[in-house]
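Chemist: Dock chain one against chain two, each of which comes alone in its own frame, and use the hints as you go.
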Amino acid sequence: MADETYPQDLRYHTEHDWVRVDGADAVFGITWYAQDALGEVVYFDPPAVGTSVTKDASYGELESVKAVSDIIAPASGEVVAVNDGMQAKPETVNDDPYGDGWLIRVRLSDPSELDALMDVDAYKAYISGL
Amino acid sequence: MSDALRTPLHERHLALGARMAPFAGWDMPIQYSGVREEHRAVRAACGIFDVSHMGQIGVRGPDAAAFLQATLTNDIDALAVGDGQYTLVCREDGGVIDDLIVYRLGEDEFLIVCNAANVDPVHTWIAGRATPGAVVTNRSPQFAMLALQGSEWEAALAPVADDGLDAVLALRYFQVIETTLAGARSLVARTGYTGEPGVEIMCPTDAAPAIWDALMAGAHAPSPAGLAARDTLRLEMGYPLYGQELSLTRTPIEAGLKWACALDTTFCGVEVMRTQAADGTAERLCMFELTEPGIPRTGCAVLVGDDVVGQVTSGSLSPSADIGFGMAYVRSDLTPVGTDLVIDIRGKRKGAHTRPRPLIDTSPKKED
Chain A
181 MADETYPQDL
191 RYHTEHDWVR
201 VDGADAVFGI
211 TWYAQDALGE
221 VVYFDPPAVG
231 TSVTKDASYG
241 ELESVKAVSD
251 IIAPASGEVV
261 AVNDGMQAKP
271 ETVNDDPYGD
281 GWLIRVRLSD
291 PSELDALMDV
301 DAYKAYISGL
Chain B
129 MSDALRTPLH
139 ERHLALGARM
149 APFAGWDMPI
159 QYSGVREEHR
169 AVRAACGIFD
179 VSHMGQIGVR
189 GPDAAAFLQA
199 TLTNDIDALA
209 VGDGQYTLVC
219 REDGGVIDDL
229 IVYRLGEDEF
239 LIVCNAANVD
249 PVHTWIAGRA
259 TPGAVVTNRS
269 PQFAMLALQG
279 SEWEAALAPV
289 ADDGLDAVLA
299 LRYFQVIETT
309 LAGARSLVAR
319 TGYTGEPGVE
329 IMCPTDAAPA
339 IWDALMAGAH
349 APSPAGLAAR
359 DTLRLEMGYP
369 LYGQELSLTR
379 TPIEAGLKWA
389 CALDTTFCGV
399 EVMRTQAADG
409 TAERLCMFEL
419 TEPGIPRTGC
429 AVLVGDDVVG
439 QVTSGSLSPS
449 ADIGFGMAYV
459 RSDLTPVGTD
469 LVIDIRGKRK
479 GAHTRPRPLI
489 DTSPKKED
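Here the protein sequences come in this chain order: A and B. Quick note on our numbering: the first sequence kicks off at 181 and runs consecutively. Quick note on our numbering: the second sequence kicks off at 129 and runs consecutively.
Hints listed in this document are in silico derivations from the structure and should not be mistaken for laboratory results. Even glycine gets a Cβ: it sits at the ideal position worked out from N, Cα and C. All clues stand as given, with none of them false.
Beta-carbon label-pair distances, calculated as ranges:
1) A/Asp202 x B/Asp450: 30 to 38 Å
2) B/Val436 x A/Ser308: 41 to 49 Å
3) A/Asp299 x B/Gly145: 27 to 35 Å
4) A/Pro187 x B/Asp461: 53 to 61 Å
5) B/Ala338 x A/Gly309: 34 to 42 Å
6) A/Asp202 x B/Leu133: 45 to 53 Å
7) B/Gly145 x A/Ala261: 32 to 40 Å
8) A/Ala182 x B/Leu142: 16 to 24 Å
9) A/Gly309 x B/Gly234: 52 to 60 Å
10) A/Gly279 x B/Leu133: 37 to 45 Å
11) B/Leu297 x A/Ala261: 55 to 63 Å
With the rest of the complex left out, here is chain B (with noise of 0.2 Å):
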């Protein structure tokens, strides 16, 4: 591991006894206390997670907006200054080569957020395509990233704010404003991957550690979460992640990520988007539920009978409902809630049925 890299805040996360592992090249906090824990906190409460191996690549200039558009899949002259969207760079075939987060921070500026592992060929698709009024910087080595998600997320954020929180609180969900946390000026997006209200915090490399320090001494200070707790939160959401739902052999459409896809703007990959999306496609992703015990995984075929009819992306047992569940790119015809299949866990065949996503109800919390 003498060679992963490292972020800002890794002698805190030794400091506390985190499980430390390589993520794409990064050491990255699995899990501290324990990921069934860390989970129930971001559920309950708030956590706090390290996402500093995330990626920042910057686009400004006159034709930014216009380069956008035809690169990435969502459309970009919907937002306004200060707003963000989630959206993906796809080839021309429609693979996926990222899901993104794209915020419009001025009105020829913007900021992708791209994961860890796709910096590299992130930024080298769009630098590549880029036109000359459209300068493309990977700005990652800037930032450190921070994700404060859960409903107390505002106690937790308060030691912090230096500006006050009123600005914060204004935001709409995917808004994302620029502000003083503790000392740094810092951006701060109402987005996150766990389904919970918070926000992702994204500072000046050298500031995290004392912005960290600040918010772990605060009165409503966040738990520490790892990675581990950030897949289970996301998986029970529904959320893709990159290298398990998404990928170059899939499509956004595949994928139920039509909503993120424009057709009736021009980008590259539209044309196959456009055909899917009318003619259909052969598999989609689903999500499922075990009917019995059992812990579907990564691979885990999906049968119908005796048929292989699709294959398990991603699975866990739910922190939060204490079943099996996951998801599974499946035949498109199986895709209808409530389609029952049998997932074939090492030789194991586990009943399992369609559901719709996410696996668990969110929304209460969000009506605070």
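Just chain A, same shape as in the assembly (with noise of 0.2 Å):
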């Protein structure tokens, strides 16, 4: 499992989902804190690339041994991609959930949106007193 680590460059929501603006899309994961609550991830049922998504509902879930997580959307928009390496190894969110453990790719339909997010000291703020 990674480390502790929350990045700069990403905007956060309360349900521990991180948003990476890239361009006019966007890219959606679950936080470290995320991972490490819910445990070795051994399955992850994504959107279908086509569908919208809506800020603050769930758009898949994530699976433990143990237990099932919804996802939520940190912003709306059109999903342009999944990540299809989650799906063959679902694992990778538990030891890179910023980076090759990202799970799908978003064309925003209000990127103002994303100004309702946290920042990273803010989500730091907001973990340490849970």
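Modeler: As structure tokens, then:
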């Protein structure tokens, strides 16, 4: 498992999801905190490319041996790619939650939604209070 | 969690970085390094489980055997001193109060091991029916309990075996002896809940830390394994778990445990079970595996076409075989091996078929 880190360049959602803006797209994933709480992820059930995801709503599932967890979209948009590597090796999200363990790539419908997300300092303060 | 019970090994679990969680009123280690790694360590070598939350109930006296014959489902008279057996305690309607292991420690002395969540119901039920010649005692506070499970259990046990290993190695499956472990008189039984060879140790509560430390300091120290791995290991074997496969609303016959019910003897619930054994039951417990990716969970509906024909009682991803599988109560005509089923996993229909238990074959290692 990776060491606990929270990169500076991401925006964070209270359900422990992160967003990395990449041109007109955004990449979604889950934070170190989320993968640690889940334990070893053994199954990723992604949305289909071309479907819409809605901010604060579930867009897929991650499962550990013991439990299943909804993944919450930190912003709205259309899914333009899903991480096939996560379907082949779901534990990648434990090993590299901000890199190879990314989950989906989304064409944002309202980039201003990102303004409501936390920056890294706010997110660290948030999880320290949980 | 301030009021949760702690085993005598609580500090050891914290020092190992275990993820702790409440279980049956106890603060228990759910996992250490990770459930899959712990599971595979048990299948490949040896794991150690703290199962001190399990209950122990003593029954002794001149009428103890006759009383237990009338109270538990299996044939107590089949036990010689030093033998144990899997058995159940049921109500008159056949509903399961708990599943148990009972050991015959002496001609007139027995020790029952029950589930942590059921210590009070089992003790109350058994004590309430006891005859004057059978004295029932809740001995749970006296015992800590450790399970060493896996093909390398003998080497793992060696550092604490003050009396040597010969007597333990001579035990057959389900037999028990009293022996000295790290200075403390303890019970060692050839039992477990993983399908692997191994032993379960019941030692005085205050002796558990020294035994644990000596085992963990050994040249062949076992891997600590938590309750999450214990659950996936038992599920691969198709062993029922109380609260999942077994409950007051299910009988041993529905659960496929007729082999643990001596229907030619007289015990509480036998009439219902004889009738069910002769006439069949509407539903029966079966093991199934998915034929596509997915992980079934407790409560998922079992379908044939659009008809609900059963419900999943336990489901997981097999850490050994990497497939989704589980156990379910389904309509009895659908239980033959190879029957196609559909499991409704949160609205997604996944193909499955019934299969024989266990999911994986552990027998080659047992021939060591």
